[in-house]
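Listed in order, the protein sequences are those of chains A and B. When we follow this note's numbering, the leftmost residue of the first sequence carries the number 1, and every step to the right adds one. When we follow this note's numbering, the leftmost residue of the second sequence carries the number 291, and every step to the right adds one.
Derived by calculation from the structure, the hints in this document are not laboratory data. Check before you lean on any hint, since a few could be wrong.
27 Å max Cα-Cα, derived DSSO-like pairs, lysine-lysine [to be verified]: (1) K601/B <-> K590/B; (2) K332/B <-> K480/B; (3) K469/B <-> K677/B; (4) K475/B <-> K332/B; (5) K332/B <-> K677/B; (6) K484/B <-> K457/B; (7) K584/B <-> K139/A; (8) K584/B <-> K640/B; (9) K139/A <-> K565/B; (10) K635/B <-> K414/B; (11) K601/B <-> K635/B; (12) K590/B <-> K659/B; (13) K640/B <-> K469/B; (14) K565/B <-> K462/B; (15) K139/A <-> K640/B; (16) K480/B <-> K139/A; (17) K377/B <-> K226/A; (18) K139/A <-> K485/B.
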Amino acid sequence: MHTFLDRYARWIFPLPALIFIVAMMIFPLGYTLWNSLTGWSLSAGRPPTFIGLDNYVRLFQDERFQGAVVRTFYFTALAVFVEMVLGVAIALFLHRDFRGKRVITSILLLPMMATPVAIAMVWLLMYEPTAGIINFVLKQVGLPRGMWIGANDTVIPSLVLVDVWQWTPMIVLICLAGLTALPRDPFESAIVDGASYWQITRHITLPLLMPTITVAMLLRSIDALKTFDIIYTMTLGGPGFSSETLNILTYQYAFYYLHFGYASSLLVVFFALVLGVSLLTTYLRRTVEV
Amino acid sequence: MKTRTLIVTLIVLLAFVVVACAPAPTPVPPTKAPAAPAQPFKGTTLRVVGANHPWAEAIKPLLADFEAKTGIKVNLELYGEDQLNQKLTTEFTAGNSDIDAFMQRPLQEAKVMAQNKWYVDLNKYVKTDPAYAFDDFMPGAVGTEMVGNVLTGIPIVTEQQVLYYRKDLFEKAGLKVPKTLDELKAAAEKLTDKKNEIYGFVARGQRSPAVTQFSSFLYSFGGDWFDLNTRKATLDTPEAIAAFKFYGDLLRNYGPPGTTNMSWPQAVAVFAQGKAAMYTDASSIYPNLLDPAKSTVADKTGVAVFPAGPKGQIMYNVTSWGLSIAAQSKKQEAAWEFVKWATSKEIVLKTQGDGAVPGARTSVWNDPKGKAKFPADWVEATSASAKGRGYDRPLVVQVTNARDIIGTVIVTAIEGGNVEEAARKANAEFQKLLDAEK
């Protein structure tokens, strides 16, 4: 008996974790995949019977889906770009020693710890064109007031602003950790050679930090693609459909229209998209490895 | 590692996993033997799920009396309207729900939920106790709750579309309360002062929420969602397009910025902050406008009947909320005790008389105590609306989907886009939805 356990210990020990992963990840994925091949809809009164790839055919012809994909990428690209630039800059700023560094770092990390829905509700109030505080302050200062989430062309940048406010600290955190792990030698020899701060930053710090930056970008991109809470709370895809990203679209079909089969096919395509983006980012990381 | 230690560690780990993963035991309510015949359900706990609505606020303080009378404890959970719907749907679909009674919007959810057999047919309960006086309920209100022959719920809130207006602004401009939609447009134009941030008109403009408040405009222009006999969609008829354009123009020219993102909480905020002169919405939200604690213009707000359009004065007069019993509930008899109590003459007199929630019992409306908390002009406006149409949204099963389709035309109209094209496209989509349901 004990030779059996000794021999197979390395399979037996991970078993609980393995069961958990299968139950929590593989089963839902498989069930969604299966649902996407049925026409299940509670509102149209269709039971979950097999209909093959009909949902996917309908999906790719759906204008609303195409629009949602474009908007998802627009939101993600804008959000991740701003967050990376700001995040790396703030991390570089925080990397040296100065008075009050601990306090400033703690304050800068606060947005990340707050609840997304609560944040979204506060920003919703602030963004209100007539009664909100942002437009009020802008008017006092004499600047033109904005429509923010009330107009088609400003809604996604306004949502991106909220996302940037909340998640830039995460990039800062990751990059700070990366900066502290950098070797000291290249910096010391550069200082001896008489390089300026900007030269050091451009030619030594940033290239060495690239792996960390790409990891941060990967993590943030995956989350940004799936952003749900702030969009749901603030606009629910509106005005019209101009802030409807894939996640919101899927939620509409699943929980408002109750078309579970179609929503499942949307989810499978969405999953493939997120997987594709993460694979692409991982590939990019390999190429910038110093 | 010694084998014994290995085995012990494994067993401890597995036990830990099993205990951690085991579902939490659902507490079984202790059912004591009935102490007296008057309390057969003593000790039962009911789970009632409702919406953040003045009715729920009015019933909450009365629950203690209910428990004292019947021994039934009621756990009332309240959510926002959309979240309530999603919660009910998710729990009922999962199949093992412990929801006993819930608030529902008959026009929004009755058909879908009835289709999935989530309601207990209340016909078998309502006639059992003559003291309950089921015939006292307004026939129109009861009709909204019927799906086929199933009584899906008891109506608890009724509402009509009315016009809220600022008495002081009208007086200052020397204007009279508009009796027709053209007069409304003229008044909105005169009262809009964008420099001082006063807007002549505010209303819902968000894709789905706007549909119900646009309905009265549509009806008064001679339009409707679809022909109930031929099941032909009528969103692109000249009457409908005229209505869409009228509503969109009003909001675009005389409304505050950002109306396409406004449901009633946002529109109420604009009016209650004194920034709008007129506001068309449901009669049931007036506590938010006439309560000095919530509105800066509470004493300056007047209520008028919805103005007449070119083809008539047709506003909606609907049952907005009902109380239902879940088919999956294991305590249906106790749940009926709760529903019976909450919709009894005595309690409706309290929720309507004290809580100012417009109910559906004729006797309570005829009782002066039942009208005490409503301002005189509100009572006048709502009584004049009794002849209104019994639905404020298309009577289909997939109401949410339909509202989104129609809402896009409203949003296009507000933004000043091509309304004819949007209406034609929406009509085609809506027709597909109608065909799929028959």
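Kindly indicate which numbered hints from before are broken by the structure, ordering the numbers from low to high.
Numbers 1, 2, 4, 5, 11, 13, 15 - these are the hints that the structure violates, sorted from lowest upward.
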